[in-house]
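Participant: Sequence lines, in order, name chains A and B.
Here the first sequence is numbered in numbering that gives the first Met the number 0, starting from 0 and rising by one per residue.
Here the second sequence is numbered in numbering that gives the first Met the number 0, starting from 0 and rising by one per residue.
Derived by calculation from the structure, the hints in this document are not laboratory data.
All C-beta atoms in this analysis are idealised placements derived from N, C-alpha and C, irrespective of residue type, glycine included.
Mixed in with the good hints, there may be bad ones.
[To be verified] Beta-carbon label-pair distances, calculated as ranges:
| hint | chain 1 | residue 1 | chain 2 | residue 2 | range |
| --- | --- | --- | --- | --- | --- |
| 1 | A | SER514 | B | ARG146 | 48 to 56 Å |
| 2 | B | ASP123 | A | GLY72 | 30 to 38 Å |
| 3 | A | GLU429 | B | ASP73 | 41 to 49 Å |
| 4 | B | ALA250 | A | ASP430 | 36 to 44 Å |
| 5 | A | ARG134 | B | ASP123 | 39 to 47 Å |
| 6 | A | ALA114 | B | SER93 | 16 to 24 Å |
| 7 | A | ASN43 | B | VAL80 | 45 to 53 Å |
| 8 | A | ASN43 | B | VAL113 | 14 to 22 Å |
| 9 | B | LYS34 | A | PRO153 | 26 to 34 Å |
| 10 | B | VAL233 | A | GLY310 | 15 to 23 Å |
| 11 | A | ARG133 | B | VAL233 | 42 to 50 Å |
| 12 | A | PRO502 | B | PHE31 | 40 to 48 Å |
| 13 | B | VAL80 | A | ARG134 | 40 to 48 Å |
[What the hints assert, rightly or not] For lysine to any residue, the following SDA-like pairs were computed, each having C-alpha atoms within a straight-line distance of at most 20 Å:
| hint | chain 1 | residue 1 | chain 2 | residue 2 |
| --- | --- | --- | --- | --- |
| 14 | A | LYS77 | B | ARG242 |
| 15 | A | LYS80 | B | THR241 |
| 16 | B | LYS34 | A | GLU429 |
| 17 | B | LYS235 | A | THR147 |
| 18 | B | LYS34 | A | LYS77 |
| 19 | A | LYS77 | B | LYS29 |
| 20 | B | LYS29 | A | GLY72 |
| 21 | B | LYS34 | A | GLY72 |
| 22 | B | LYS34 | A | PRO73 |
| 23 | B | LYS34 | A | LYS80 |
| 24 | B | LYS29 | A | THR165 |
| 25 | B | LYS235 | A | GLU89 |
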Amino acid sequence: MRLSRRSVGVLAMLAAGCGGAFAQPSGEDRIKPLLVMISAQFDNASKDGAGIIIDHNVGRLYVVTANHVVREGPREAKSVKVRFHWLPGESFEAKLADNFDVSLDVAVLVVADAARLHIPALPFEALGDTTQLRREHRVHSIGYPRATPWFSRPSPDIVASASTETIQFEAAWIGPGYSGGGLFNDRWQLVGLIQRDDPPIGEAMPVERLFGRLRQWGYNVRFGAAAAVIPPTSAPSAPAPSAPAPSAKPPSATDAATPGWSNIGFGYNGNFTCAVSRQREAYCWGNNAFGQLGSSGGASNVPRKVELPPGVQAGVVYVAASHACALTSERLAYCWGSNSSGQASGVEETITAKPRLLSDSLKFRTLALGNRFSCGLISPDDPKTRGESDLYCWGNNSLLGVRSRTPVRKENMRFVTIRGGLSILCGTKEDGAVYCIGSGETNKKLTIGSLAMAALPVRVSLPEPANSVVGGPHSCAVGRSGTGYCWGQNLRGELGLGKAAPPSDGSPAAISGRSDFAFIYVGVDFTCGRTRDGIALCWGSNQSGTLGNGTTVDSSAPVQISSQENFFTLYAGAKHVCGLTRSQKILCWGDNTDGQLGNGTNQMSLTPVEVPPPR
Amino acid sequence: MVMKHRTWQYAVAIGFAVCLRGQAADDPCKEFGLKPAGGPSGYNWRADRCEGIFVQEVAGSGDLRLVSFSSRLDTVDPSSVGRLRLSWAQPSSSEVRLRAYSLRSRHYYRMDLVRGAQAGASYDWPTDVLKIENLKGAELGIVAWMRAPAFQQDVYLPLKVGTAADLSVVLQPGAELSEAYISFSRLGADGKPVQQLKQDEPLRRGYYPAGRGFSLPLPKVSVAGYYRLEAAGVLKNGGSVTRTVLLYLPAN
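Work out the full structure, taking the sequences as your base and the hints as a guide.
Facilitator: Put into structure tokens, the structure is as follows:
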């Protein structure tokens, strides 16, 4: 009897799940299909490691791994083969995606023609929260040590420390072959990507940092797609035993059919909002005076699909006051909206009403949009520069030295991350140094440290290296310690200094009361922040309800919004805020004159309201 | 007075050296791509070499790795001497690279040394880091190699450590083997085989665990020159690995 590949996969799943007759698979068995085993062939050597499946559709399957598994310095592996848990004995060719980060030691692999893989339902809901990891918590590692696939030791290791940068665990044994494998908490939820051994400590990158980078590249990371939690294997209240029921239809169809959001537009100062659905379609809502919704028609108070060309899938959307761009999973940029200075496209038109491909040759890691200009960091990274990439800009910004309808490379300007706002562009360097370029609004001097209206990158004098920076009339950065720093305009308490006065020399000052920020989002006269625990906080002007706490009273110190939701990311518009939650909902609050809250009304809301998921 | 004059000379020399080091744009150890571990033993520049403990990226390899081509090290005791004399035979005057590893499990120690063409065929290796790490001779692997000018391939050189004798090659499998086979041939001046001395001879050790080195017997050769060693391993979990290295051997 000849078994079809799908039958083999189903039987393998059944076998994996059957510790005893009709027993439910253990947490460990259940998550193993998320991991692939990798063999990379170089000219004179081979390397083994593991990888984690982050997404798949009918065409492609995406895997994240440690970059050093598939690259050696500037050399790429000549061929890469991956093995899947549900297809024992078979291996499949994988291609290196252009996205990789040497300093973070992260790379992406793509397996084409994924339909032939008959992918079972993968437990993407098994996502842990590293902010909950504490010293002495138990963790499990799974990898490919000594060519032993999906190997995990029977006894767990112990967390030594966990931060946003790295998870260190006291590893009884970890060795060659674990790289790119998964680190799981004691509920078998993914918490990290294993990378290094510094005996007796093993090191892994936390999933939040890892997935943040992947989303920045435009990947649709499926983890956390559902709120379901795998019960601890020892829990006495575990569900009654039942036979595992492999899905008869491809799970991609199941997952793709589930409505929800995968990303929200990054940016500043818009009276509109954009987001990406789980089906990788871009949607925008709110003001459309300049075509910034990327679709014909007037303003919309419900999400409206951006008219990207057929077959183009969006990964991330970036927005400014009146234009927007989407990066596809191939990292090509499509832009639309106001085009008075060529900030959206090279075509001589004042408004680019429908998305246009910016360039078919420039592939971007990330974008940052400002008033009448756009910038992007080019991929791939140059390995020698440890993650910094060349800056390209287009549009019009005299202090940035840009007046071009096509992207031009800015000499000697290389950054790891960039963010724009009005006429400001700020970026971080590999060593955590922060630089800003440009000016504030016309006739309004903006202080960057002690300098005003900088035409060249000015290094911001922060007391510690920064993870991120956002520029605008006021700018903020998050230090590696989690402390937030703001500087610049402080009309309504938007610097968040509490009762303290801003430094007279305009230098950055620490935000009052919190030192656990993961990211800060700058609005026009208000600011919001997300803590490492996913709590959303806002401060500054509350005239339009932007603080989301049910009042219109300004606050010069961070206040928590009226929601217990755990947030992945936020967007601070001109007078409204939206946030993407871990459960992939979008909540918005504040001004709704143009329908930018997306809830089908035009009424301002002082507390978060949900944007209906796309159908 | 003489002492004072000398002290002044030393101070100038040290200052000049520090100044030169400060001006060096690049860390000389950067080319080896290792991330130093913390502490006094961290992999770092140490006067003339890079040496110490590093943080290991844990990509694996099922390959057979050449970890030693030297005189037997199990009788060598680094803790008993201040320096270990390394000496080697080389067919021509060329730059020679030396690399020493720890073979202890999860002990990521390495020494990298580059000797210029005119630096001679020996090196007195300070043992201070080996002492801190309590590394015994039997836990060390060490190789020296150069680029063969005639055929532009790396050739490993026979290395004598201290007074130890009996040259051996040590290979380390990344995954467990069920058997290993050896082929050995002499090469001509152009790098092509001219005489087959061994052909697929099984070692018959019975046990080749992952990560543990095993030594290979080298036949006595009457002609000094280049030789090719090909080791093939049958992986216990299926598949096979091969490793080919070129050796320079003096005549016995």
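Participant: Next step is simple, just say for each hint if it's right about the structure.
Facilitator: Here's how the hints hold up against the structure:
no.: 1; hint: A:SER514 x B:ARG146: 48 to 56 Å; in the structure: holds (54 Å)
no.: 2; hint: B:ASP123 x A:GLY72: 30 to 38 Å; in the structure: holds (31 Å)
no.: 3; hint: A:GLU429 x B:ASP73: 41 to 49 Å; in the structure: holds (45 Å)
no.: 4; hint: B:ALA250 x A:ASP430: 36 to 44 Å; in the structure: violated (55 Å)
no.: 5; hint: A:ARG134 x B:ASP123: 39 to 47 Å; in the structure: holds (45 Å)
no.: 6; hint: A:ALA114 x B:SER93: 16 to 24 Å; in the structure: violated (55 Å)
no.: 7; hint: A:ASN43 x B:VAL80: 45 to 53 Å; in the structure: violated (35 Å)
no.: 8; hint: A:ASN43 x B:VAL113: 14 to 22 Å; in the structure: holds (20 Å)
no.: 9; hint: B:LYS34 x A:PRO153: 26 to 34 Å; in the structure: holds (30 Å)
no.: 10; hint: B:VAL233 x A:GLY310: 15 to 23 Å; in the structure: violated (48 Å)
no.: 11; hint: A:ARG133 x B:VAL233: 42 to 50 Å; in the structure: holds (46 Å)
no.: 12; hint: A:PRO502 x B:PHE31: 40 to 48 Å; in the structure: holds (44 Å)
no.: 13; hint: B:VAL80 x A:ARG134: 40 to 48 Å; in the structure: holds (43 Å)
no.: 14; hint: A:LYS77 x B:ARG242; in the structure: holds (18 Å)
no.: 15; hint: A:LYS80 x B:THR241; in the structure: holds (19 Å)
no.: 16; hint: B:LYS34 x A:GLU429; in the structure: holds (16 Å)
no.: 17; hint: B:LYS235 x A:THR147; in the structure: holds (10 Å)
no.: 18; hint: B:LYS34 x A:LYS77; in the structure: violated (25 Å)
no.: 19; hint: A:LYS77 x B:LYS29; in the structure: violated (24 Å)
no.: 20; hint: B:LYS29 x A:GLY72; in the structure: holds (11 Å)
no.: 21; hint: B:LYS34 x A:GLY72; in the structure: holds (13 Å)
no.: 22; hint: B:LYS34 x A:PRO73; in the structure: holds (17 Å)
no.: 23; hint: B:LYS34 x A:LYS80; in the structure: violated (27 Å)
no.: 24; hint: B:LYS29 x A:THR165; in the structure: violated (23 Å)
no.: 25; hint: B:LYS235 x A:GLU89; in the structure: holds (18 Å)
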